[in-house]
Every structure is written in structure tokens, then in C-alpha cells.
Amino acid sequence: MKIIASYNIKGGVGKTATAVNLAYLSAREGNRTLIWDLDPQGAATYYFRVKPKVKGGTRALVSGHHDLDDLVKGTDFEGLDLLPADFSYRNMDLVLEDNKRPTKQLQKLLAPMAIAYDYVFLDCPPSISLVSENVFRASHALLVPMIPTTLSARTLDQLQEFLEGHDGLGKVNLMPFFSMVDRRKHLHIHLMETLPESFPTFLQASIPYASDVERMGLNRMPLPAYVPPSNPITKAYEALWAEIKAGLAKPRG
Amino acid sequence: MNEFAQAYLVPDGTDLQGIKDAFEGRYSVTEDEPHELIRRFYDTFDWSLYQAGTVLEELSDGSQRELIWRDLHGEAPKLAWNTDRNPGFAADLPQIPEIDRLASLVGIRRLLPLLDVHTRLISWRLLNEDGKTVARLEVEQNRYVDKGRERQGPVSVLLRLHGVKGYDDELQATARLLQEGLNLSLARAELLQEALAAAGRRPLDYSSQLDFRLDPQRRADATAKEILLHLLNTIEVNIPGTRANQDSEFLHDLRVAVRRTRSALTQIKDVFAADLVEQYKESFGWMGEFTGPVRDLDVYLLDFNAYQASLPETLRPHLEPLRDFIHAHYGAEQKALVAHLDSKRFRDLLRDWRAFLEAPVPEQSVVPNAMRPVKAVADERIWTMYKRVRKEGRAITPDSPPEDMHELRKSCKKLRYLIEFFDSLYPKQEVRQLVKLMKVLLDNLGNFQDLAVQADHLRDMAQRMREESHASTDTLLTMGVLVGHLLEHQHRAREEFAQIFATFDSEGHQALFTALFGPSKPRRKGA
Ligand SMILES: Nc1ncnc2c1ncn2[C@@H]1O[C@H](COP(=O)(O)OP(=O)(O)OP(=O)(O)O)[C@@H](O)[C@H]1O
Ligand SMILES: [Mg+2]
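As you go down the protein sequences, you meet chains A and B in turn. 1 is the number of the first residue of the first sequence in our numbering; add one for each residue after it. 1 is the number of the first residue of the second sequence in our numbering; add one for each residue after it.
One or more of the hints may lead you astray.
[Unchecked claim] Below are the SDA-like pairs computed for lysine to any residue, each with C-alpha atoms no more than 25 Å apart in a straight line:
#1 Lys165(B) - Ile115(A)
#2 Lys165(B) - Lys185(A)
#3 Lys165(B) - Gly30(A)
#4 Lys335(B) - Met465(B)
#5 Lys413(B) - Ser400(B)
#6 Lys51(A) - Ala175(B)
#7 Lys51(A) - Leu127(B)
#8 Lys375(B) - Arg218(B)
#9 Lys165(B) - Tyr46(A)
#10 Lys73(A) - Leu161(B)
#11 Lys335(B) - Glu468(B)
#12 Lys387(B) - Gln499(B)
#13 Lys165(B) - Pro52(A)
Simulated from the structure, these hints should not be mistaken for laboratory data. Since the model is a prediction, treat every value here as computed from it, not as a measurement.
Based on the provided sequences and hints, a complete structural model is requested.
What follows is the structure, encoded as C-alpha cells:
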């Protein structure tokens, strides 16, 4: 089982779109796939038409009161399951803090899912918190969608600093990539040429800005489920997914 | 997604729209494009998969074929693989993990198509107010097609309810609605069973094992007819598979039934007129003869790999010409066998034999045992044969000629068949123990005789291969090594005999034979 987080400190950069569409592609090729919507706002949960509700809320979940598996909902897509968001996730930090090893709780909760799933996607809320630290420790890959702006370069630096400053996080498999790219904007082009130079693990694949993505909220389903297979934005997600899998397969030094 | 599936029977003539309408107000229903699929069920002729509580089905939807092996009544496959070829022998199965479990059930038999079920599948999704699928329903309109018997017809319509993980309440509610609201009942039988029933076929209708349930008080002649009629059915039911040579077990089972028939005829003594017994004894002897040559070749082919493996590695390739030789002659022998099966003599024989067996026994008979209760006759016959086996066995010393061993083997076989015909008249546990005991002794005697016969036969084949200049010196020498092995084994069987017979003839076993079959004590009841 590989755990892949979609994370950025910043909001509105395409984290949820990434997690939802990649999870769909993963399941479509036959992998048993789970997506966990960690964001109390529940955007991913909404896309799958599931009610944003977890029995007993965050506390029951973190305490291991329920098997994680009992909280999982089957989506309308074969091989793809969802662990829904719950509004109480907004207090997850506080609940995590009550535990002995507060930064390793997510890892512990997910461990038993290894028999049921090949890939787990974590859709993270925008912030840097105890939840995110748990995510960093649990994940085999940390996807960071970034809109090519000067400011986002700074948040990547911040993230890098944070990881290096914490024990055992220096080795996190950081996979930044460009999201919502507008090729008509010079700044986007410029940053895409320069920024990856200072980040060796920057992914080649990028996701263009496309209004088809925005329609996910109307259609309430992953993008590849409603656009024709030849759609270039689907192709972009497929290329991204292929590159991530290749990156996961590579032995890391 | 399919966590759970429950199948309901939809009565003939039910309006599907009516079922759909029943969900109104609770869920909206969307219908996917209907599609057609064909399921072809496979099993060996003796139902080895079904007997083990499993089903092998090939699912094809026009574009691909998938083979699925699963438990009867189970949804989840034990094994599944895509294929473009028909399953045949175990060796033709794909090399995937755990295939051995299936292969060992199949054994040396061929997987044959049982029948096809053509399905038109309509899928409904039940959507909640968010448009989320909370349960799925599949309506299966089924028809069976029994190609072998050129029959087809409808099989009941099934409605399968599939739950979605995490939507148990909706599943329960839907199940309630189907059962209570629409009065649908659960389909207890598996689709295969439904289709077989519709096609007028019964699962497990063939087994090479004898399984009589005899009435101890019934007349011996009538009981003998019952036993012989069953054996005749076994012979007849194996003829098509033997003609087509679908696998080697058809002929084998046919030959066993022929041998058992001769044994029943001659060993259930004095129940039919002597000239009739003489006549049919000869006829069934003829059947044993003309079916022999193909069986001999089958035995070689079945054992070939083991023979080859018993040789030093460098010699193994030299044995291949023997395999080619067997294959080259197989066709002609099989053709001769089929000619016999198609002959007038053979057909008349079976027809007349059946007519005799199906005719009621005469009200009065002068044949001494005919009108006695079968249990009394069985006791006597088994006891007599047991005593003969004991006597012959005890007389054998390390220097006895092979003929004495052969005689003992014949008596043992008779005794075994008698016990098997009549086992339902005796306590199960004990009889089973004795049959096992006989088997060990018979295996030993069989090895002693058959290995010698095989060695001789190999020598003959070597001679013929040389004459037909098929064989190099290396091949002939390798066959010589094989003959050596066979004779070594045979020799070992001879050495082991004394020990094996002593076990058979132990005091405990003697007591058991006496208790079951021995002459009744003075306190004999009834009579
Ligand atoms: N490639 C894209 N092209 C156009 N619109 C996009 C693209 N990716 C995402 N969007 C839209 O941008 C908005 C934000 O995207 P998304 O929800 O995926 O970001 P996020 O990082 O998860 O946001 P949040 O931080 O609020 O969770 C959504 O309306 C989404 O439809
Ligand atoms: Mg989001």
C-alpha cells in the first residue's frame, strides 16, 4: 500500500482536484484505491456525493473506536472507496495532541488498511499543523500542486524548511508540480523554466488551467468520468499519475 | 463495490417496470445500457468440481472470455483468469498461483461443458437525494442452451441486489422492500442448479462409485438385477465419452463396470438360469477383451511422465520415441474400439441384456438362490469367498509360483466386488474398514502381476519399434532400463506380500469377517 498526500500550505491551488482525479485514475487501472478527505470543508466528499459525516467524529476515529474500514463508503466507481470528511476534523489537532505519539497517529490508523488497498490518497486542508505533520510522516509521496507564482515559490521554501527542521521528515518524498498553468501568462512560463532548477524532485508533468476542471463541482464526479478520454486535461492527469508511480518505484537514497 | 449480493426469484410474467416503480419516493432509479452475456459451466463427467461445492464458469460478453472458479452460492471467485481457449485437462490450465487446488480436483479427467446460460442483464442503480448510488440491482433474464442434447428454454428471472460499502441501511431497506413490499422470495438455488433443473438434468447423476441401498429381505434374483442394471447404466453412459475419447476415464469406468458385471453374474450364484449366466459371462468377457488394447496404451500415456522421471536425466530424451510410437498406434486401436462399440453384436448384446434385466423376475423360480432373501445369499457368498482368499493366501510361500499369486488376486477381486455390491446390508464403519484392507492387499497383488505384464508389454513394443525401425539403440537400451525398474518394483511387491497378507489375516480382521459374514450362531433370529 502506497500513501500519497495532496498537500499545500496555500488554499485553492488544486489539491482536491488532484487527489480526486488521480484516485479515480488509479482505481480505473485496477488498483484498490482509497481517498481520505481530511479537509473539514469536505470538497472531495462532496465530489463523490457522499455525506460529510463520520460516526463518532474525529475523537472516535483517532481513538480507534471504530475500524477505519467501517467508516469507509464505496463510491460510484469500481475499486474506489472514500473515507469522508467530518466537520469535527477542524479540531483534529487537539485530538491528536491527546495521544502519546501525536505525530504518528495517522500512520497507525492507516496501517491496517494495507490488506484492502493498493493506494491511499490523502486530500489535505491548507495549513501547516499537527495534522500535516502526521500526513508527512505517513506518506510515501507528498504531492504539492503549485500555481506558478512568485509567492508559491516562497511557500515551497517554507515547506522545505519545515521538513528539514523536523526529525525524520528530511527524507519525505517531495513531489511539487505546477497546477492551473496558464500558458498565456509570461510569469507562468518563466517560473516553470526556472523554479524546478532549484528543486530536483520537481515533476515534469503539469496540469493546465481548464474550465472542465471547474465543472467537477457541478457534475459531482471526477473529471475523467465526464469528459471524453481524448480530453487534453485528462491526458495531463494521466501523465502526472504515470510520473508519480515511476517516482514511487524508484529506490530513494 | 459489490460487498454483498442477494438473489431473488422474479416470478414469470412480472412487470419489471412495477419493480422499478416500487422505489419511487425513496430512490431514483437509473438504468444502464442492457447487455448480453453467456455463461458456460464446466465440470468433469463425474462432477468433481460440483462435488467439492464449487462451480467453474466461463463468462463471455462478446469482447472477452473470463473463467471464474468459485464456491457454489458464493460470489467471490476463488480463481479467475482471462483466456481465449477452452479449459480441457488440468495441464491446459494457466500457471497461476493456487491453480493446483483446481487441478487436483480435475485430476486426469477433462473439463467438459455442462451447458450454457444466455443472460440479458439490466442494471439499475438506486440513487439517493445527492444522486449517490446506494445500491445496485441487476435483473438477469436467463435462457439455458444445452448443446449436447439440443435443448434450450427459459430459466427463472433473477434479481440480484448488490450493496455499496458503507450503505448498509439502504441495503437493508431495499431488501425489505423487495421481500415484503414486492413479495419476492430469495433464490435458494444457484443459477447452475436452476439451469440444470430447467434442462431436466440432475447434478451428481454420475459417479463411478457404487452406492446401493439394498433391502435385505428382497429376493436375491431381483436384487441381482438391480445391481446389474445399475452397472449396465454405467456402461452405457460411458459409451459416448469412450467413442469420442474425451478422457481416459470413460473407457476405464466402462471396463470396471464390465468387470463388475461379470463378477456379479458369476459370484451372486444360483439366482439366474445357468445357461444365461454362461452366455453373458462370455459376452462381457468379449467386451473386456476388445476394450483392452486402448486401455493398455492409456495406462502408458498416463504413467509416461513418471516413467521418464524415474530414469537418469541423460536417458530421459531417449524415451520420447516410445511416446511417439504409442501415439502413432493409438489412432488405429481407438478406431478398432469404436468399430466394436458400433457393431451390431455389441448393440444387440446391450439391448437384450437390458430387456432381461428390466423384465420382472418370475413369480416362482427353481434356481436355488433366486427366491431367498438377498442378505442370506450375500452372507454365504462373501463368507465362502473370504474363506477361499484365506486359504489361498495362507498357502503362499516365498517359493510359490506367480500363478498362485494370480489366482489369489482373482479371488480377492471377487471378494472385494461382492462386499462392494452388498455393503449397504452391513454396518458402514466396519465394511469400509474391510474394503480398505482389501484394497491394500489388492494393490500389492496388482503390482506384482501388472508390473510383470507391463515389462513384457514393453519388451513387445521394443520388438515392434525395432521392426518398424522407430527405435535407435539408445531408445531400446533406455526401455531396457525401464523394464529393469518395473521388474525391481515387481520383485519388491513380492517381498512385501507376506507382511501385507499377515496384516489382512490378523486375528482382529478374522474376527471382523466372521462377525459380519460368518455363519449365524444358533441364536439366529427370524427365518
Ligand atoms: N487545473 C484547473 N483548472 C481550472 N480550475 C481548477 C483547476 N484545478 C482546480 N480548479 C478549480 O479551482 C478551485 C480550487 O481547486 P481545489 O479545490 O482543487 O483546490 P484546493 O487546493 O483543494 O483548495 P482548498 O485549499 O480550498 O482545499 C476549484 O474551484 C477547482 O474547480
Ligand atoms: Mg481542497
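So, going through the hints one by one against the coordinates:
Note on Lys165(B) and Ile115(A): the hinted pairing holds, with a Cα-Cα distance of about 16 Å set against a maximum of 25 Å. At roughly 45 Å between alpha-carbon atoms, Lys165(B) and Lys185(A) are farther apart than 25 Å, so this suggested pair is violated. For the suggested pair Lys165(B) and Gly30(A), the alpha carbons sit about 18 Å apart, so the restraint of at most 25 Å is met. Distance hint between Lys335(B) and Met465(B) is fulfilled; the C-alpha atoms sit about 21 Å from each other, no more than 25 Å.
Between Lys413(B) and Ser400(B) the CA atoms are separated by roughly 20 Å; this keeps the pair inside 25 Å, and the hint holds. About 22 Å separates the Cα atoms of Lys51(A) and Ala175(B), which keeps this hinted pair within 25 Å; it holds. In summary, the hint linking Lys51(A) to Leu127(B) is supported, as the alpha carbons are separated by about 13 Å, within the 25 Å threshold. Taking the CA atoms of Lys375(B) and Arg218(B), the gap is about 8 Å. The hint holds against a cut of 25 Å.
For the given pair, Lys165(B) sits about 17 Å from Tyr46(A) by alpha-carbon distance, which is consistent with the 25 Å threshold. Taking the CA atoms of Lys73(A) and Leu161(B), the gap is about 17 Å. The hint holds against a cut of 25 Å. The straight-line distance between the Cα atoms of Lys335(B) and Glu468(B) is roughly 21 Å, inside the 25 Å bound, and the hint therefore holds. With a C-alpha separation of about 19 Å, the suggested pairing of Lys387(B) with Gln499(B) holds against the 25 Å cut-off.
Note on Lys165(B) and Pro52(A): the hinted pairing holds, with a Cα-Cα distance of about 16 Å set against a maximum of 25 Å.
Taken one by one, the earlier hints fail for this structure only at number 2.
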